Amino acid sequence: MFSIILIKGAMIGAVYASLAVGFSLVFGVAKIINLAHTAFFMLAAYAVYVLVMIYHWPILASMGVLLIGISALAILIYLLFLDRIREHEGAVLLVTVALAVAFQEILLLAFESTYRAVDPFMRGTAELLGVIVPKQELLIFGVTVLCLLATLLFLHKTRLGLSLRVTAQDRETANLMGINVKWVCLVSVVMAVALAAVAGAVVSPTLTVEPYMWSHPLVMMFAAVILGGLGSLKGSFIGAFILGYTEVLVVFLFPAGSFIKGSVAMLIMVVILLVRPEGLFGVVFEEERL
Amino acid sequence: MRFIRRQFRRIRQDILAIPGRAIALIFFTVLCLIPLVISAPYILKILIFMNIFVIYAASWDVLGGFTGQFCMGQGALFGIAAYTAAILNLKADLPAWASIPCGAVMSVFAGMLIAIPSLRLRGIYFSLVSLAFPIILIGVVFGFSGLTGGEMGLSGVQIIARNPVVLYFITLATMIFCLLAMLKLTSATNKIFRLGIVLLAIQEDEISARCVGVNTIGYKLLAFGISAFFSGLAGGLYVHVLRIAGPSTLELMFSFNPIIWTAFGGMGSIAGSAVGVYVLYPVMELLRFIPKFRMLIFTGIIIAVILCMPEGVVHWVRDKLELSCPRCKLINTFLRQQCRACGAPLHITVKQHQEQVQEHAAL
Numbered sequence: 001m002f003s004i005i006l007i008k009g010a011m012i013g014a015v016y017a018s019l020a021v022g023f024s025l026v027f028g029v030a031k032i033i034n035l036a037h038t039a040f041f042m043l044a045a046y047a048v049y050v051l052v053m054i055y056h057w058p059i060l061a062s063m064g065v066l067l068i069g070i071s072a073l074a075i076l077i078y079l080l081f082l083d084r085i086r087e088h089e090g091a092v093l094l095v096t097v098a099l100a101v102a103f104q105e106i107l108l109l110a111f112e113s114t115y116r117a118v119d120p121f122m123r124g125t126a127e128l129l130g131v132i133v134p135k136q137e138l139l140i141f142g143v144t145v146l147c148l149l150a151t152l153l154f155l156h157k158t159r160l161g162l163s164l165r166v167t168a169q170d171r172e173t174a175n176l177m178g179i180n181v182k183w184v185c186l187v188s189v190v191m192a193v194a195l196a197a198v199a200g201a202v203v204s205p206t207l208t209v210e211p212y213m214w215s216h217p218l219v220m221m222f223a224a225v226i227l228g229g230l231g232s233l234k235g236s237f238i239g240a241f242i243l244g245y246t247e248v249l250v251v252f253l254f255p256a257g258s259f260i261k262g263s264v265a266m267l268i269m270v271v272i273l274l275v276r277p278e279g280l281f282g283v284v285f286e287e288e289r290l
Numbered sequence: 001m002r003f004i005r006r007q008f009r010r011i012r013q014d015i016l017a018i019p020g021r022a023i024a025l026i027f028f029t030v031l032c033l034i035p036l037v038i039s040a041p042y043i044l045k046i047l048i049f050m051n052i053f054v055i056y057a058a059s060w061d062v063l064g065g066f067t068g069q070f071c072m073g074q075g076a077l078f079g080i081a082a083y084t085a086a087i088l089n090l091k092a093d094l095p096a097w098a099s100i101p102c103g104a105v106m107s108v109f110a111g112m113l114i115a116i117p118s119l120r121l122r123g124i125y126f127s128l129v130s131l132a133f134p135i136i137l138i139g140v141v142f143g144f145s146g147l148t149g150g151e152m153g154l155s156g157v158q159i160i161a162r163n164p165v166v167l168y169f170i171t172l173a174t175m176i177f178c179l180l181a182m183l184k185l186t187s188a189t190n191k192i193f194r195l196g197i198v199l200l201a202i203q204e205d206e207i208s209a210r211c212v213g214v215n216t217i218g219y220k221l222l223a224f225g226i227s228a229f230f231s232g233l234a235g236g237l238y239v240h241v242l243r244i245a246g247p248s249t250l251e252l253m254f255s256f257n258p259i260i261w262t263a264f265g266g267m268g269s270i271a272g273s274a275v276g277v278y279v280l281y282p283v284m285e286l287l288r289f290i291p292k293f294r295m296l297i298f299t300g301i302i303i304a305v306i307l308c309m310p311e312g313v314v315h316w317v318r319d320k321l322e323l324s325c326p327r328c329k330l331i332n333t334f335l336r337q338q339c340r341a342c343g344a345p346l347h348i349t350v351k352q353h354q355e356q357v358q359e360h361a362a363l
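These protein sequences, in sequence, are chains A and B.
Going letter by letter, the first sequence gives residues 1 to 290 in our numbering.
Going letter by letter, the second sequence gives residues 1 to 363 in our numbering.
In isolation and in its complexed conformation, chain B is listed as follows (with noise of 0.2 Å):
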């Protein structure tokens, strides 16, 4: 009984009092109610995409918005996981369920290797050199054509499930548990982990880093490998879903889309990815009602909102909605003039301020 009633003082003090952690939890409950108003295929198609891209995204944050290291050939990790399991789903008779994880599994060896040369250098060289490897892929693919299928690619992979709502079920659930591993692993708050932290200093000053004696090959390392980790699961997820594996995958714009979303939405919080895919994905669906301007109006939408707001959505709302105490650092509602634990006032002047440290003092 104890026990849930802190739970539900948990829930209210650190989700419900929080703007951004309530609307998360109210958007997550929306999303797992949508089967049941919406029936149609075409649709829950759409939002299994998204699931799926989610986790896509988010795993490009890990690197990209955490350790500053801008992953530009995320679609090798992806493309790598989604080969490996269409190959071992036809080939080997492999279930969906072994070959997913197997995918994931390969993309992390594949990431390692990657990492390997690419990791030696830092900011906008890694990033260009990291763009090779999707081209080098595609080179592999069309070359060992017998068993990747070359341009066609592989198709009649296995579906995970016929019926689209249980679809929906599975991605969303894998969605949110890979989201909040993503946050648990990143957190910088977290005690068991310090992985969080020490991105965020790799972020902010790597060398200095070095100095205090962080390993931050290691770390960027286990980044890129749980990076590389969620591609390979989302590359697995999205071949058992479409059940084609083509070089489309490997493609220059594939590549560019997690940090389009995740630019978008906001780097360096999870939240971000979630928020750009789930705004920019159903904008281009809507597009298509007029194909000619699509790509244009979508790429319209995106520079006039990222001139607005150049941290991304996610930061911005979050600036506007949350106030962080100036005293206990906890976070509030944006319609409070008190803090919610300590009651020092949050709006505070400077003038305010000095009256108040002067009255201090005639005391």
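Isolated chain A (complex conformation) (with noise of 0.2 Å):
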């Protein structure tokens, strides 16, 4: 009992994290909200279910398909909506509501909203820990989490990571340094809509594949961002951890668990902001305290 819930939750945690993690990217460096981040999931698991179910194209192949063909969809979004209204916050907001629904209703035109299931990419059980686990859960494991650590070493080893960090921290000076802020949030914006791309690619096979796949995880990406702390890559990927074992936990131990998991969820993010208003890992300059 003990180990399924670890398990559990370290699959949720990671796929969560990945959503957190490209999520603060994008807000940190170019300053978008991005409410349709998690359709861009929803889109990556329906890419699967069309590439490997209806067309039974390999796995690999698709995935690689699929992340460009999203990755691409991103940079047209970002160049033709959000580049030139990212000044307006509430234009922001409503034009990245807008896209997510756009997409919702496009896939409800497409599939219907009848429920999808994709098979896993590999089949069997592995045991760890004395617990069965199919061997897709420890997949999905190891690909978002290799994914989030190939991201923090792009970031803090390469110089366009630098340039990003850098951009993240002060725009102007940055742009006065010989930076393109422009295409480094391009960049970011690839990078993050790529990590979230994959987590719905692998995770998709554990899903009910519907149009409104989209909404549970935006909530809870938020939520880990917020617990994690202001601007911290590092607290967004623990806050979803948290964030992912609470889930798993409250579904577990409770009978009409999956009801109020994403409440319980919300309490724990709202009482920790209570003792800790930064969040866990957030830095507070002395000027921005209140």
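Hint data in this document are derived by calculation from the structure and do not stem from the laboratory.
Possibly wrong hints are sitting among the right ones.
What the hints assert, rightly or not - Listed below are the simulated SDA-like cross-link pairs for lysine to any residue, each with C-alpha atoms no more than 25 Å apart in a straight line:
{"no.": "1", "chain 1": "A", "residue 1": "Lys31", "chain 2": "B", "residue 2": "Gly123"}
{"no.": "2", "chain 1": "A", "residue 1": "Lys234", "chain 2": "B", "residue 2": "Arg122"}
{"no.": "3", "chain 1": "A", "residue 1": "Lys31", "chain 2": "B", "residue 2": "Ile124"}
{"no.": "4", "chain 1": "B", "residue 1": "Lys292", "chain 2": "A", "residue 2": "Tyr115"}
{"no.": "5", "chain 1": "B", "residue 1": "Lys292", "chain 2": "A", "residue 2": "Val50"}
{"no.": "6", "chain 1": "A", "residue 1": "Lys182", "chain 2": "B", "residue 2": "Ile124"}
{"no.": "7", "chain 1": "A", "residue 1": "Lys31", "chain 2": "B", "residue 2": "Ala209"}
{"no.": "8", "chain 1": "A", "residue 1": "Lys31", "chain 2": "B", "residue 2": "Leu323"}
{"no.": "9", "chain 1": "B", "residue 1": "Lys320", "chain 2": "A", "residue 2": "Leu73"}
{"no.": "10", "chain 1": "B", "residue 1": "Lys292", "chain 2": "A", "residue 2": "Leu109"}
{"no.": "11", "chain 1": "A", "residue 1": "Lys31", "chain 2": "B", "residue 2": "Pro117"}
{"no.": "12", "chain 1": "B", "residue 1": "Lys292", "chain 2": "A", "residue 2": "Phe111"}
{"no.": "13", "chain 1": "A", "residue 1": "Lys31", "chain 2": "B", "residue 2": "Ala201"}
{"no.": "14", "chain 1": "A", "residue 1": "Lys31", "chain 2": "B", "residue 2": "Leu307"}
{"no.": "15", "chain 1": "A", "residue 1": "Lys31", "chain 2": "B", "residue 2": "Lys320"}
{"no.": "16", "chain 1": "A", "residue 1": "Lys31", "chain 2": "B", "residue 2": "Gly300"}
{"no.": "17", "chain 1": "A", "residue 1": "Lys31", "chain 2": "B", "residue 2": "Lys292"}
{"no.": "18", "chain 1": "B", "residue 1": "Lys184", "chain 2": "B", "residue 2": "Leu323"}
{"no.": "19", "chain 1": "A", "residue 1": "Lys31", "chain 2": "B", "residue 2": "Cys308"}
{"no.": "20", "chain 1": "A", "residue 1": "Lys31", "chain 2": "B", "residue 2": "Gln203"}
{"no.": "21", "chain 1": "B", "residue 1": "Lys292", "chain 2": "A", "residue 2": "Tyr212"}
{"no.": "22", "chain 1": "A", "residue 1": "Lys157", "chain 2": "B", "residue 2": "Thr29"}
{"no.": "23", "chain 1": "A", "residue 1": "Lys234", "chain 2": "B", "residue 2": "Ile124"}
{"no.": "24", "chain 1": "B", "residue 1": "Lys292", "chain 2": "A", "residue 2": "Ala117"}
{"no.": "25", "chain 1": "A", "residue 1": "Lys182", "chain 2": "B", "residue 2": "Pro310"}
{"no.": "26", "chain 1": "A", "residue 1": "Lys135", "chain 2": "B", "residue 2": "Pro117"}
{"no.": "27", "chain 1": "B", "residue 1": "Lys320", "chain 2": "A", "residue 2": "Phe81"}
{"no.": "28", "chain 1": "B", "residue 1": "Lys292", "chain 2": "A", "residue 2": "Thr114"}
{"no.": "29", "chain 1": "B", "residue 1": "Lys320", "chain 2": "A", "residue 2": "Ile85"}
{"no.": "30", "chain 1": "A", "residue 1": "Lys182", "chain 2": "B", "residue 2": "Lys292"}
{"no.": "31", "chain 1": "B", "residue 1": "Lys292", "chain 2": "A", "residue 2": "Ile77"}
{"no.": "32", "chain 1": "A", "residue 1": "Lys182", "chain 2": "B", "residue 2": "Leu307"}
{"no.": "33", "chain 1": "A", "residue 1": "Lys31", "chain 2": "B", "residue 2": "Ile303"}
{"no.": "34", "chain 1": "B", "residue 1": "Lys292", "chain 2": "A", "residue 2": "Ser215"}
{"no.": "35", "chain 1": "A", "residue 1": "Lys182", "chain 2": "B", "residue 2": "Cys308"}
{"no.": "36", "chain 1": "B", "residue 1": "Lys292", "chain 2": "A", "residue 2": "Leu73"}
{"no.": "37", "chain 1": "B", "residue 1": "Lys292", "chain 2": "A", "residue 2": "Arg84"}
{"no.": "38", "chain 1": "B", "residue 1": "Lys292", "chain 2": "A", "residue 2": "Ile54"}
Since the model is a prediction, treat every value here as computed from it, not as a measurement.
Each chain sits in its own coordinate frame; assemble them with the hints.
Structure follows, in structure tokens:
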């Protein structure tokens, strides 16, 4: 029982973490509150459904195609819609909500509201900590954590990663130092969407694929970002795991758990904020304290 | 007699001479006359809901547009009032005129509870935290399903008036009253309450506002309370018109709706929320004729409009129709060449200005 919770929580936490890290990356660098972030997660799940289940493509090839396709879509959306209204916060909120709903409606038109299922990429089970775990869940954990590690390495070891971090700290100064801010924003958007797409693709076999599946991860992702702390990628990562474990615990321990899993996770976030308003790993600048 | 004449002059100079206000006056007059022309209950029902949602959207604007704190959980305030009004009406047999204000007051209390953890944060972090509360409330609703009816909600709430025309006028009057109250409260030129100008200061630069000795947290709480009160009023009205209080008011989209309406119409002006609702809600209803593509076309319209006018419809139209006099700052119609009060030329180029300065120096 205990180890089931441990493993399931790690899996869900890793998925939320790759969503939350991507979201806070885009918010940090491009200052965009992207409410359509989990819509890309949903699109990836549908892409897997179409490519693998309907056209029977090999999994690796379809992963590659969907990553390129969704990244291209993200670039298109960023350049067409978001870039020119980035200064107007309300307009950004409005456009991203509208985009998320538009994706939902397109999927509703194309696939109707029936629940779809994707076959697991890896069949069979493995034994871990005395529990029999489907290999698919290990794959989810492995792939998402690898992607996150790659993101962190990219941010901290390469010049482009450095310019991303610099832009997040101070946009104007970064611009003055010769960094092409628009290009850096584009890179951050593509990275975030790619993270969400990978998570959505590998997690799709364990979820029911439906056009409304973007709203629950969206809320949990927000909670993870807040819980972890302001502008801290490590915080988003740990916050996501806390929320993932909470969700699994609630589902396992309470009879009507899946109805109230969201509420309990939110409650935990609010309680932590009462104790530590800046979140677990947030940095509060002296001038910003209120 | 003199009083009446003065009022007439006020209307002519302060309302009719300013295009935005003139349009608003004409628009609300038309709204008052609509029931004379249209008596189809279905259309009246849509208009009634529009009136209620204008209050709801404007209440979001008080906090979002004026203070710069984007609350993404406005549905929580609306839902609390809706459930309170429904429970009071069903379990305690309170009539609608008592249960709706009770709901609004309850919503203010809940708003204060929500504000304690969330108003410590600013900007986007406040938005994200406020999103949590409708979801927590859904848990509460499912947890106490004996009182709240769980997934089915509470049905059979007493309707305010059976006659749709009467109902329409009640909601219209409430809406106009609420809009005027919110306009007065948030007006930056109001001499009696300093609220409007302080909220603007908080939006522009909260730290500077604190430095000059403004209790920003107190003012933010006040704004939040006002916002909660009016959303609560809207929630109570909604329940007493729809006759059902259900968990649908706590859903994600219900909290996003006021943001969509207000950001579309233009934030930071109560009129923007009214424009947003009166444009988008009928569009949504018209699109019912093509149910499959309804939401898709709707989102397409929103995105197209907001890309052309990122500040919102109201601000865009106002920029086109109104000219502020460069000398006395009085607002003029765009057709005028000279200011209606001081006679200063409105469309002056740099060259003309330099010539004038030189003439002045020569004299």
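Now for the hints, and whether the structure bears them out:
1. Between Lys31(A) and Gly123(B), the direct Cα distance comes to roughly 11 Å. Compliance with the 25 Å bound is thereby established for this hinted pair.
2. Restraint check for Lys234(A) and Arg122(B): the C-alpha separation of about 21 Å stays at or below 25 Å, so the hint holds.
3. Restraint check: the Cα-Cα separation between Lys31(A) and Ile124(B) comes to about 10 Å, which is no more than 25 Å; the hinted pair holds.
4. Of the supplied pair hints, the one linking Lys292(B) and Tyr115(A) holds, its CA atoms being roughly 18 Å apart against a limit of 25 Å.
5. For the suggested pair Lys292(B) and Val50(A), the alpha carbons sit about 22 Å apart, so the restraint of at most 25 Å is met.
6. The suggested pairing of Lys182(A) with Ile124(B) holds, with an alpha-carbon distance near 22 Å, which does not exceed 25 Å.
7. Simply put, Lys31(A) and Ala209(B) have alpha-carbon atoms about 24 Å apart, close enough for the 25 Å limit, and the pair holds.
8. With a C-alpha separation of about 33 Å, the suggested pair Lys31(A) and Leu323(B) falls outside the 25 Å cut-off, and the hint is violated.
9. Using a Cα cut-off of 25 Å, the hinted pair Lys320(B) and Leu73(A) is violated, with the two alpha carbons roughly 35 Å apart.
10. For the hint linking Lys292(B) to Leu109(A), the alpha-carbon distance of about 7 Å falls within 25 Å, and the restraint holds.
11. Between Lys31(A) and Pro117(B), the direct Cα distance comes to roughly 24 Å. Compliance with the 25 Å bound is thereby established for this hinted pair.
12. Restraint check for Lys292(B) and Phe111(A): satisfied, since their Cα atoms lie roughly 12 Å apart, inside the 25 Å limit.
13. Distance hint between Lys31(A) and Ala201(B) is fulfilled; the C-alpha atoms sit about 22 Å from each other, no more than 25 Å.
14. Of the pairs offered as hints, the one joining Lys31(A) and Leu307(B) holds, with about 18 Å between alpha carbons and a cut-off of 25 Å not exceeded.
15. Between the alpha carbons of Lys31(A) and Lys320(B) the distance comes to roughly 30 Å, so the proposed pair goes past 25 Å and is violated.
16. Between Lys31(A) and Gly300(B), the direct Cα distance comes to roughly 24 Å. Compliance with the 25 Å bound is thereby established for this hinted pair.
17. Restraint check for Lys31(A) and Lys292(B): not satisfied, since their Cα atoms lie roughly 34 Å apart, outside the 25 Å limit.
18. Simply put, Lys184(B) and Leu323(B) have alpha-carbon atoms about 23 Å apart, close enough for the 25 Å limit, and the pair holds.
19. Between Lys31(A) and Cys308(B) the alpha-carbon distance is near 21 Å, which keeps this suggested pair within the 25 Å criterion.
20. A threshold of 25 Å between alpha carbons decides the hint, and for Lys31(A) with Gln203(B) the separation of about 17 Å falls inside it, so the pair holds.
21. Distance restraint check for Lys292(B) and Tyr212(A): the Cα-Cα separation of roughly 16 Å lies within the 25 Å cut-off, and the hinted pair is therefore satisfied.
22. Simply put, Lys157(A) and Thr29(B) have alpha-carbon atoms about 65 Å apart, too far for the 25 Å limit, and the pair is violated.
23. Proximity of Lys234(A) to Ile124(B) is assessed by CA-CA distance (about 19 Å); at most 25 Å being required, the pair is judged to hold.
24. Using a Cα cut-off of 25 Å, the hinted pair Lys292(B) and Ala117(A) holds, with the two alpha carbons roughly 24 Å apart.
25. Proximity of Lys182(A) to Pro310(B) is assessed by CA-CA distance (about 19 Å); at most 25 Å being required, the pair is judged to hold.
26. The suggested pairing of Lys135(A) with Pro117(B) is violated, with an alpha-carbon distance near 41 Å, which exceeds 25 Å.
27. As the CA atoms of Lys320(B) and Phe81(A) are separated by approximately 24 Å, the hinted pair is consistent with the 25 Å bound.
28. Under the criterion of a C-alpha separation no larger than 25 Å, the hint pairing Lys292(B) with Thr114(A) is consistent with the structure, at around 15 Å.
29. Proposed proximity of Lys320(B) and Ile85(A) is supported: the alpha carbons are some 20 Å apart, at most 25 Å.
30. In summary, the hint linking Lys182(A) to Lys292(B) is not supported, as the alpha carbons are separated by about 37 Å, beyond the 25 Å threshold.
31. Distance hint between Lys292(B) and Ile77(A) is fulfilled; the C-alpha atoms sit about 24 Å from each other, no more than 25 Å.
32. The hinted pair formed by Lys182(A) and Leu307(B) meets the criterion: a straight-line CA distance of about 19 Å does not exceed 25 Å.
33. Taken as a hint, the Lys31(A) and Ile303(B) pair is honoured in the structure, with Cα atoms around 19 Å apart against an allowance of 25 Å.
34. Using a Cα cut-off of 25 Å, the hinted pair Lys292(B) and Ser215(A) holds, with the two alpha carbons roughly 21 Å apart.
35. For a cut-off of 25 Å, the pair hint linking Lys182(A) to Cys308(B) stands: about 21 Å separates their Cα positions.
36. A C-alpha spacing of about 24 Å is found between Lys292(B) and Leu73(A), which places the hinted pair at or below 25 Å, so the restraint holds.
37. Between the alpha carbons of Lys292(B) and Arg84(A) the distance comes to roughly 30 Å, so the proposed pair goes past 25 Å and is violated.
38. With a CA separation close to 24 Å, the supplied pair Lys292(B) and Ile54(A) stays within the 25 Å bound.
Hint compliance for this structure: hints 8, 9, 15, 17, 22, 26, 30, 37 are not met, and every other hint is.
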